[in-house]
Structures are given as C-alpha cells and as structure tokens.
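Asker: Chain by chain, the residues:
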Amino acid sequence: MGQLFAVEIIYRGVFQKTLAKNITRDIVLAAHNEGKLGISFGRYGDSPERNGIPAKSFAIVANDEQTLEAGMAQYEPKQVDLTVVLDDTLCKGAESWAWSGLQPVHHALKPGHTLIVISLEAAPALLKNIHRREQPYKLGIVKGVTSFSGMWVYKDDHTDVRILGAIAKALPVLMSLESVEKFINEKLKNSLKVTSARTAFERFTAIEVKAGEGNPEELVKVGLPRWEDMRCGVSIKGQEVGGPFADPVTGEVGGFRPGRNELFKKYSTRTQRPVVNFSTCTKCTLCWLNCPDAAFDITTAGTYDTNLEACSGCGICEEICPVKNCITMVNESEFHDNHSQWAAFETDKDAYLKWLETTIQKAESGEKRSHGFRYRGQYQEQVPEALEIANKG
Amino acid sequence: MATLTVPVEEKKKIDRNEQEALITGAEAIAIACKLANVDVVTAYPIRPYDTVMQYISQLVADGEMDCEYIVAEGEHSQFEIVKHASACGARVFCGSSGVGWMYAMECLTVTPALRIPLVAMVGNRALDDPGAFGVEHNDALAVRDLGWMLTWVDSAQEALDTALIAYRVAEDRRMFVPLAISCDGAFLTHSQALVKIPAAEQVKKFLPRYNRGDLLLHPDNVISVAPQANEDWVMEIRRQNYAVTEIACDVIREVYADFEKTFGRKYGNPFFEEYMTEDADIVLLGMGTMSTPVRVAIRKLREEGKKVGFVRLRWFRPFAGPELAKCLERFKAVGVIDRDFSFGSPDLSGVVATEVRSAMYTGAATRPPVLGFICGLGGREVTLPDVENMAEITFEAAKGKAQPLTQWIGVRG
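If you read the sequences in order, they're chains A and V.
Just so you know, the first sequence maps onto residues 17 to 409 in my numbering.
Just so you know, the second sequence maps onto residues 25 to 437 in my numbering.
Just so you know, the hints here were simulated from the structure itself, not pulled from any lab data.
Computed from a predicted model, the values in this text were never measured in an experiment.
Just so you know, even glycine gets a beta-carbon here, dropped at the ideal spot from N, CA and C.
One or more of the hints may lead you astray.
[Claimed, not checked] Which chain A residues stay away from chain V? Per the calculated CB distances, all over 12 Å, these:
| # | residue |
| --- | --- |
| 1 | 241 |
| 2 | 242 |
| 3 | 305 |
| 4 | 354 |
[What the hints assert, rightly or not] Taking beta-carbon pairs under 7 Å as the criterion, some of the chain A residues facing chain V (in silico):
| # | residue |
| --- | --- |
| 5 | 239 |
| 6 | 240 |
| 7 | 246 |
| 8 | 252 |
| 9 | 351 |
| 10 | 402 |
With the hints as extra help, turn the sequences into a complete structure.
Answerer: Right under this line is the structure:
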C-alpha cells in the first residue's frame, strides 16, 4: 500500500461552492504533476446550493491506483491529512444541512496535522472559536478576506492558488510548490497567480495548538435512532406554536417565544448576526413579521430579541427595519457566544449601548461579505482590494 | 345502476339483509365503497376503470352514498388528493387503468412510505402504444416493487368481498400501506353477474372506522409529513416498510378468517385458489379472469383422463412464496400463464412465471419444470384450445421432454 492523502475543504454553500470545487480539483491536478493519482468530490449529503450552509469538498490523492482505490472505497474520508476552512466564521463548527450535530472544524484532522484558515484574524482570536480537542494539531492562517461569490459566478481573487501555496508548505509530501506552479502555468495560464501561490507558500507558518487548547464549549451529541424507534410514515413531530417568553433577567413571564425545532439549530449557518438597539426600537413588528426563521422572541417589554438558535443571519431584519442602526448585521467572528442581547441590555443598559456603538462602528469599517454578485463590475472592484490585503501579509 | 332483484321500495331492507343483484365487477366495487362508507373518492375517466366512477357518482346522486366526490384534472392529481385526504383521516377510494395508472406513477410511489392505506381499483388495460382497451396486467404490475399490495380477483362477487377485505387489511395499524385490486378490463369490469351484497350492518361490524392515530395530519396532532431526508435516514424508513411485508401474509389470513366468520362466505387459502389439484400431474397457474376458460378446459381434459389442475394466484403482493412453493412441488410440471410480459427478464418470461420460479428455487423440496406462457395480451381471449395447448406442452415437460421456457400462445405467426 502506497501513500494516501485526504484533504478536506470546509466551505459555505453557494457562496464558496465553486471555489471549494476548484481547490480540490487543483490539488489533484497539481499532485498529478508528480505522477500521483487522485479524485475530488463534494460531500453529496450536503446542500451546497443553499446559502451559507457549511459544506465539504474532498481531494483524495495516492501514489498508485490500488492505494487510491482503497481511499475511494469509503465515500467520505474519516481522517484527513489537512483541513482547509474557507471562512473563519466556520471555526465555530460546521453543521451540515443534513444535520448531525455541530462538528468542530478539526473533526476529521489527524493528530499533529494542519488546519488552514483564511482569515484576517490572528490565531488567538480564532482559537476562541475553534473547539479544543484531545490531540494536538497545527493551525496556519492564510491572511485574506473571505472569498464569497454567487451561485453561477466565480470571483477569481487568487484565493484558490493561495491555498494551494499554503498546502504545498504545510504538506509538501502531497505536492511541492514546483508542482503547484507548473499546474498554474499550464492549466490556469496566469503568471500573477503563480506569484500569489509562491507568496502564500513563503509566508505560510503554522503554530502548534496544544491538547485542550481552544473553545471549551461542549458539543451537543446527536444520536441517530434505530428504525424501530422512528415515527413511521416519514413523519416528524411538528413545531409547537410557542408560548410566553420568560425574561432571563427579571424572571417576568409574558411576550411570546415561537416554538422551535428541538434538534435543528442555525448556529453555524450564520456568517453574520443582527444586533439590536433596544432603546431606539419603535416596536413596529416589521423584523418579527418578515423574519423567515421566526428568530425573534418578543420580550415582556414588547421588544424583539434575536434568538441565536434560530437566526440564520440572512439580514432581512436589517433591511426592513425603518429605524437607523436599530438593527445592524455584524460579522459572526465578532461573537463568541449565543447569549441573549436583551438580557445584556437589561443587565446594564449603558454598557450594552456602548458595546453596540463600538460593534456597529467595527462592522461598518470591517470586512464586508458580499453574498454574491450585485452589480456589474463588482468583482473587478473587489479583486484588487482582496489582492492588496493578501499581499500586505 | 344495479338491476336489483328486490323492488326499489324495499331498499331499506337492503341495509339489514343480504341481497342479490346482477352487477358488473366495477359496480360490485362501487357498492363495496358504499358499504365501507368511503369518505373521499377521486375520479378521472379512463376505460375500463371509469365504470366504477360512474357507478359511485350514481350512488351519490341517488342519495345512497355520502362522500366527497372529486373529479380531478388527471390521474396524477387524482392520486395526490386521496393521499392527502387519507393522511387527514379519511377513508379513500380511487383507481385507474393502463396509462392513466402510469400517469399517476409519481403519486403511486410516494404513498407506501407515507403509510397511506389507499384502496384503489385497477381496471387492467394494455399500456399504450397502441391505444387499446383490452386487459393486460403490466399496468398494475408496474408498482410491484414500490410497496403496494396487489391482488387479482376473478368474479364480481370476489371484487366486492375483496374491496371490503382490502380496507380491513390496508387500514390495519400494522399495515397502513396502499392496496390495489386488479380487475380484468371487460371480462370483469363490464360483465354482469349475480352477486350477494352483504348487509350494511354486518359490514359495519367487519370494518371498524379508519383510525390514523398518531399519524393523523391535524392541527391537534402537530406533525410534519414527508420532510427531505439524507442518507442517514432513508434506509431506516425503507426498513419500516419491510417490517410490513414481513407480517402482511399473517394480517391477510386473519382478515379472511374474520370475513368468513362475519359473512359466511369461504375463500379458503387467501393467497391462491386450487382447482382440481388433489391428484393432478401438472397444473396451470395464472391470475384474474382467465380462470374461467382454464377451468372449463380442465374439465374437458379431465374427461379425457388428463390429470391437470389450476392454481389461481389471488395475492401477488405480498407473494405467499413458501406456501406456493410447497403447493407446486407436488406436481410434475407447472405452466404459468402470464397476461403480461417482462422485457429482458430471466428466460424472457412474464412477471408471474419469474416470481414462481424464484419462489420454487428457495421454497420447494423438488423443482419441477416451470414453463412460462405469454397469453391473452391486449384483451385477446384465452381460448379453450389455448388452454389445452398449454396443458399439452406442460404434460410434455412433465414427461421429461425439454420445452422452451417461454412460449407465446395465441399469437399469429
């Protein structure tokens, strides 16, 4: 049996599906320059055609046919030599569309191997989100803005080749920088991309993450029932209508909390979340009425508190809210918990409003995610910006 | 409407006493629907099934039957509507024929996993092309692997009785799967025969109300039906339906026993009926109304001293494999008459012959030759000479003379 390599790309549905597919394909082709064989595929049970859903793509590479076949004999590799996370908000974990519980991003990573994340953040910030694990591993950051594009269009901002460069550094036995460069020259025919790959290779470093280091959150374990224990008739228990809201601070009961699915949570579907200014809210109900996920709880005071179990971060509430800065969508990487904003507001109004102000300012100046292609020439504007940030290192 | 042998003014008595009427197979099923107090009927015309929808609408118009009667814009909707109505707790009836049944195929595939005890009548008809009205069994057989129960009847009496039995079986909480009663086009759907119509009170005793229990789609029982599921779930869902198939024969046996107790009419073995088999050297086997010419021809052959019998298969799904194999292992050769054919199947036989061979392979102590005959397609009669011919060929096989495993009988050429 020869050497077998598995690389896993964790990405967001729709926004990054072409990028993820390209990277896994490119890995196989670059490694093929060294005589290796491989396949690339997306996890079929995922739903990469759904906005923002965490999904996975894989590249399986081997140095002979039989070893490759051994790697292909299991559809999805249970252990990988390298994991790449294309959006740092996914560091909080990945719940696939076909939900089987929140899984840490290093779920399949072999001990001592490397986790690569595209991010503008430094390792300590990412480790607030990445769950701790029993085996040590390495964490390497490819500095850059998250590359999001649309369903049918692809934004060629060099993220693909920068990842290839980083992989060549992190796992040189899979493919060398020379093989990557040869692939880019021959197949992509773009000398600027060769430079981007080489720069990423040269700059890439990884730190050791010790056993137990990282986000201490306990992950919900999900068990799959036996057929005898499942309801028959392809039926599931429906969503209850809901009931009164119990105020987390005062204990007062009133308002309304919609019924929600006990198992299916939207935590990792989100790349951004709404923050609410309860002091300027006019209680107009528009956010509540228009939310497609019934994510708002109506508090005893009649305000609308985002329930982060249910919010998928679509941003409709921000669009629909008639009051300036009353609801603002903020990048999910700013947050490290899913606590009630209303509770924070009630506990200390001034502190909450101050936090809100800073957060909104940060949101306005910080990284903007573009969920797709909005106007002609948008990508032509974004690509140089992204390259500039990447080249600064 | 039915030519009742009792005066119309004495109709009230009908509910209390068994009556006799000269009716078609389709009419018999319509009357069974009335007796079963069906809640929702959907209809879309296609020969020969459409006779049943005509009779039911007549019953509704005459004030004899109270149901929602919906004429859909096609078979697809026809079967969808009853699926939803059944999920909401209604006893439902529907049916079709030939390509109409095929047009409903998507809806036919979804009912078993959703555990819908829909009772349907298939007026068997050749599939297009060419457009033809005559009987062929390939229409109903198209759902044989989809989780439907399938039964073939050969008389109007059996059609009526089987429709009542069908509701009991399908609506049994252990089952909850759809059931199609196949009636041969023309020979059964359009031929009138004397039928004993049981009293409504007796039917009420035999057939309890349909109780959907925790699967009832109702605001007071908040459930969601038919969500999307990935590979973590589908196999378990299939396994649940497999559990139904494991007990189906037992449930059917129970219901026939209770039918006999309630109405006094005996069907013996529910799964297949044997005719003159006790001392038979060879048997013919088939489904549906071909039983009439086969029985007549057998009597003639018996007069000539030829020991031949007939096994009429009543239930195709579930297929009583072990029981049938035990029955057939006694004979020196078996000739299966298929009113269908299965393109490219092993030995290029019909569906029934292939199933019988499969059952024999695992269930029979000795394996006599099983010949396949394709006969009576597209409504062509299975004639007495045809039957004699098939019997002769089967006798030759019994003597050890090798015969082709599949032969077309009654075809020009």
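Asker: Can you give the numbers of the hints that this structure goes against, from lowest to highest?
Answerer: 1, 2, 5, 9, 10
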